Amino acid sequence: AQSVSQHNHHVILSEAASLELGCNYSYGGTVNLFWYVQYPGQHLQLLLKYFSGDPLVKGIKGFEAEFIKSKFSFNLRKPSVQWSDTAEYFCAVMRGATNKLIFGTGTLLAVQP
Amino acid sequence: DTEVTQTPKHLVMGMTNKKSLKCEQHMGHRAMYWYKQKAKKPPELMFVYSYEKLSINESVPSRFSPECPNSSLLNLHLHALQPEDSALYLCASAPGYAPNTEAFFGQGTRLTVV
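If you read the sequences in order, they're chains A and B. For the first sequence, our numbering assigns the number 235 to the initial residue and increments by one for each residue that follows. For the second sequence, our numbering assigns the number 37 to the initial residue and increments by one for each residue that follows.
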C-alpha cells in the first residue's frame, strides 16, 4: 500500500542534542514533501517543504531536511534542539498533480531542559 | 491574508443532532480539504475539493457530507454521528494547481459527540 512512514514514534532528547527524524514514502513519480509541526494545543504549522531543485532544504527555526530520491526519504534534522521544540512532527507527501496530501504517523519529540 | 478560518472552535453534539462545520479562506486557493485527527494520531484525509468539485472521498461514512458552495467556503455537514467520531476536524486549502503547492491549515474544530 502507498504510505508515508515515520519510524521514530517517540523521541526524547536533552537540550543542545542533535535531532534527526526519519520519513520514508512509497509513492513513485513526482512528489512534494513537507514537514509540519504541531505544538501542544496548537494547529499544524509548516516547517519546510521540498518541490524540486536542491535536495537540502532549510526551514524555520533552524530545521532542515534532505530529500534522497533513491531512498524515498525526506529526513528532518536540527543540529541543536531547544526545549521549545517539544512538539509532534509530521512528514507529509503530496503526490504529483493529485492535490492528495497524506501524513505520516507522526513523531512526538520531548526535549528535556 | 494567509489564514484558513474554521468555525466553531468547539462543538458538542448529540447523536441525533445535525450540525455543520465551516471553513473559509480568502487566498484564492482552489483546493480545499477536510481532515480528521484523533488524539496522538496524524491527520487522516477525508475529502478534497478541487475547483469546487469533490475530487477525493476517502471512503468516509455518509453521516459526513461535504459541501463547497464557492471557492472560498467549505462546509462539513454532520448527522447521526457516533461517539467515536469525536475528534479534531481540520480544514486546509492549497492553490490547487499541483504540483508545487503547499497546504495551509486552520486551527480546527474540536468535536465531541455525546
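Simulated from the structure, these hints should not be mistaken for laboratory data. What you are looking at is a predicted structure, and each value in this text was computed from that prediction instead of being measured. Beta carbons are placed, not taken as given, at the ideal position from N, Cα and C, and that holds for glycine. One or more hints might be untrue.
Subject to a maximum C-alpha distance of 20 Å in a straight line, what follows is the list of computed EDC-like cross-link-like pairs (lysine to aspartate or glutamate) [unchecked claim]:
1) B/K76 / B/E39
2) B/K74 / B/E88
3) B/K77 / A/D319
4) A/K305 / A/E249
5) A/K292 / B/E138
6) B/K76 / A/D288
7) B/K45 / B/E138
8) B/K77 / A/E322
9) A/K334 / B/E88
10) A/K283 / B/E60
11) B/K74 / A/E322
12) B/K76 / A/E249
13) A/K334 / B/E138
14) A/K334 / B/E80
15) A/K295 / B/E80
Ranges between beta-carbon positions, derived for each pair [claimed, not checked]:
16) A/Q279 / B/K58: 33 to 41 Å
17) B/E80 / A/A344: 19 to 27 Å
18) A/T264 / B/S98: 13 to 21 Å
19) A/S237 / B/N93: 15 to 23 Å
Going down the list of hints, with the structure as the test:
no. : hint                       : result
1   : B/K76 / B/E39              : 24 Å, violated
2   : B/K74 / B/E88              : 27 Å, violated
3   : B/K77 / A/D319             : 19 Å, holds
4   : A/K305 / A/E249            : 30 Å, violated
5   : A/K292 / B/E138            : 16 Å, holds
6   : B/K76 / A/D288             : 33 Å, violated
7   : B/K45 / B/E138             : 23 Å, violated
8   : B/K77 / A/E322             : 10 Å, holds
9   : A/K334 / B/E88             : 15 Å, holds
10  : A/K283 / B/E60             : 24 Å, violated
11  : B/K74 / A/E322             : 13 Å, holds
12  : B/K76 / A/E249             : 23 Å, violated
13  : A/K334 / B/E138            : 11 Å, holds
14  : A/K334 / B/E80             : 11 Å, holds
15  : A/K295 / B/E80             : 26 Å, violated
16  : A/Q279 / B/K58: 33 to 41 Å : 22 Å, violated
17  : B/E80 / A/A344: 19 to 27 Å : 24 Å, holds
18  : A/T264 / B/S98: 13 to 21 Å : 33 Å, violated
19  : A/S237 / B/N93: 15 to 23 Å : 19 Å, holds
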